[in-house]
Amino acid sequence: MKIYTKTGDQGTTSLLGGTRVPKHHIKIESYGTVDELNSWLGILRDSAKNLSEVETLLVIQERLFTIGSHLAVEPSKNNIKIPEIFTDDVLLLEHKMDEMEKSLKPMKFFVLPGGNQIVSFCHVARCVCRRAERNIIHLTESENVNPLILQYLNRLSDYLFVLSRKWSVELNAQEIPWKPNRG
Numbered sequence: 053m054k055i056y057t058k059t060g061d062q063g064t065t066s067l068l069g070g071t072r073v074p075k076h077h078i079k080i081e082s083y084g085t086v087d088e089l090n091s092w093l094g095i096l097r098d099s100a101k102n103l104s105e106v107e108t109l110l111v112i113q114e115r116l117f118t119i120g121s122h123l124a125v126e127p128s129k130n131n132i133k134i135p136e137i138f139t140d141d142v143l144l145l146e147h148k149m150d151e152m153e154k155s156l157k158p159m160k161f162f163v164l165p166g167g168n169q170i171v172s173f174c175h176v177a178r179c180v181c182r183r184a185e186r187n188i189i190h191l192t193e194s195e196n197v198n199p200l201i202l203q204y205l206n207r208l209s210d211y212l213f214v215l216s217r218k219w220s221v222e223l224n225a226q227e228i229p230w231k232p233n234r235g
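Numbering (the working numbering), first residue to last: 53 to 235.
Check before you lean on any hint, since a few could be wrong.
Straight-line distance between alpha carbons at most 25 Å, and here's what the computed SDA-like set of lysine to any residue pairs gives [said to hold, decoys possible]:
no. : residue 1 : residue 2
1   : Lys154    : Pro165
2   : Lys231    : Lys148
3   : Lys101    : Ala225
4   : Lys148    : Ile132
It is worth saying that the hints were derived from the structure and are not from the lab.
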């Protein structure tokens, strides 16, 4: 099987179920952004060999593929077998954040993204996660989306922020507070 099919050369792609839609369709934007997020998490995982949470990132990447498959299914083809996402997936992120926050100083200010390259990557992933969430909210205006998907992405963006703070501590990177009108 060749990787290229030439079927998308006219600007359309197939959903799981066979229906062709424009590549700019909100479904494609939604699962494409989840795919982009997954790629950023791959960068995080590859860059964090000696840091905490590497195994959790792998679990998250697998969940993002599950979410992408849910978003790629044609709404009328609900008989297609795809993996499930569970409440426990959301709870895992909450548990991991609670554990990480035990070793962090309480937040007293907003922080500027940066301090170390991998911390910056965390912030980029967090922003892409929020974009995926916004796209999926837009998608919910025209079709039903499993509410756990939005819950998961909402928690994931929070997780990525807490992870950026945890890695800042592990790497002894400075968290620079945001000070409005810094001169």
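* Report the numbers of all earlier hints that the structure fails to satisfy, in ascending order. => 2 and 4
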